[in-house]
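Q: Could you build all of it, start to finish, from the sequences and the hints given here?
Each residue of the sequence shown is one higher than the one before, starting from 1 at the first, in our numbering.
Think of the hints as simulated: they come from the structure by calculation, not from any bench. Beta carbons are placed, not taken as given, at the ideal position from N, Cα and C, and that holds for glycine. If a hint is listed, it holds; no wrong ones were tucked in.
Taking lysine to any residue pairs in the SDA-like style, the calculated list, with each CA pair at most 20 Å apart, reads: (1) 32 <-> 60; (2) 106 <-> 138; (3) 97 <-> 33; (4) 145 <-> 99; (5) 32 <-> 75; (6) 118 <-> 96; (7) 126 <-> 75; (8) 32 <-> 57; (9) 129 <-> 102; (10) 32 <-> 115; (11) 145 <-> 125; (12) 32 <-> 53; (13) 129 <-> 149; (14) 32 <-> 58; (15) 90 <-> 64; (16) 126 <-> 116; (17) 97 <-> 75; (18) 126 <-> 74; (19) 118 <-> 95; (20) 129 <-> 148; (21) 90 <-> 132; (22) 126 <-> 73; (23) 106 <-> 129; (24) 129 <-> 143; (25) 90 <-> 139; (26) 145 <-> 101; (27) 129 <-> 139; (28) 126 <-> 142; (29) 145 <-> 115; (30) 126 <-> 57; (31) 90 <-> 77; (32) 90 <-> 63; (33) 106 <-> 135; (34) 129 <-> 116; (35) 129 <-> 100; (36) 90 <-> 52.
Pairwise CB distance ranges, derived in the manner of DEER restraints: (37) 32 <-> 123: 31 to 37 Å; (38) 118 <-> 88: 34 to 40 Å; (39) 24 <-> 88: 14 to 20 Å.
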Amino acid sequence: MSAPAVAELPVAAVQPEQQSSTSTQWAFRAQKSIGLNTGPPAYSAVSGFDQVEGLTRTFQYSPDGSTFAAAMENFTRLVDTREASTSQVKRDLPVEKVVALEFSPKGSYLSTFERPLKLEDGTGTKNLKIWSTETGEVVASFERKTQEGWLVALLDVLGCGGV
Numbered sequence: 001m002s003a004p005a006v007a008e009l010p011v012a013a014v015q016p017e018q019q020s021s022t023s024t025q026w027a028f029r030a031q032k033s034i035g036l037n038t039g040p041p042a043y044s045a046v047s048g049f050d051q052v053e054g055l056t057r058t059f060q061y062s063p064d065g066s067t068f069a070a071a072m073e074n075f076t077r078l079v080d081t082r083e084a085s086t087s088q089v090k091r092d093l094p095v096e097k098v099v100a101l102e103f104s105p106k107g108s109y110l111s112t113f114e115r116p117l118k119l120e121d122g123t124g125t126k127n128l129k130i131w132s133t134e135t136g137e138v139v140a141s142f143e144r145k146t147q148e149g150w151l152v153a154l155l156d157v158l159g160c161g162g163v
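A: Okay, here's the thing in C-alpha cells:
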C-alpha cells in the first residue's frame with residue numbers, strides 16, 4: 001500500500017470571533033480501493049466520497065488541495081475537496097488504465113498518462129491527454145511510447161487569450 005497523500009485545507013471558523021484553522025484530509029489507496037478520510041480528531045470517512053472498490057492506479061491532489069483526482073480502471077474521477085469533511089464528485093473523465101496523473105499549478109488542467117497501446121495497423125494511440133478540470137474536455141493529446149519522460153509542463157496562463 002502506498003503512503004497516503006495529505007492536503008491541509010482551510011476551514012471556515014464557526015464563530016466570527018474565532019480565527020480560521022487548518023484541517024487535514026488524507027487519501028489512501030489499496031490495490032482494490034481508494035478513499036478519503038478526515039484527519040484528527042475524528043479520522044472519519046469524508047462525506048460525499050464513497051470508498052471506491054475496484055482496481056485503483058494512482059491519485060493526486062491539485063496544488064491548492066481543492067480537487068482530488070483518482071485513476072480507476074475505467075475512468076478518472078475528479079472530486080471537489082475544498083471542505084475537509086465533505087466532498088462532491090465534479091466529474092468522471094472517460095479515460096481508462098491511467099497510470100500517472102499531474103495537475104497544472106492552479107489546478108485548471110490535469111494530464112493523464114495511459115499505458116501505451118498499439119493498434120492492429122501498427123500505430124499507437126494518443127495516450128497522454130490534457131484535460132480541462134472545469135469542463136472535462138480533452139484540450140490536447142499526444143502519443144508516448146514509454147512512461148519515462150511523459151510529464152508535460154503545464155502552465156495556467158491568464159491574459160492574451162489564455163485560460
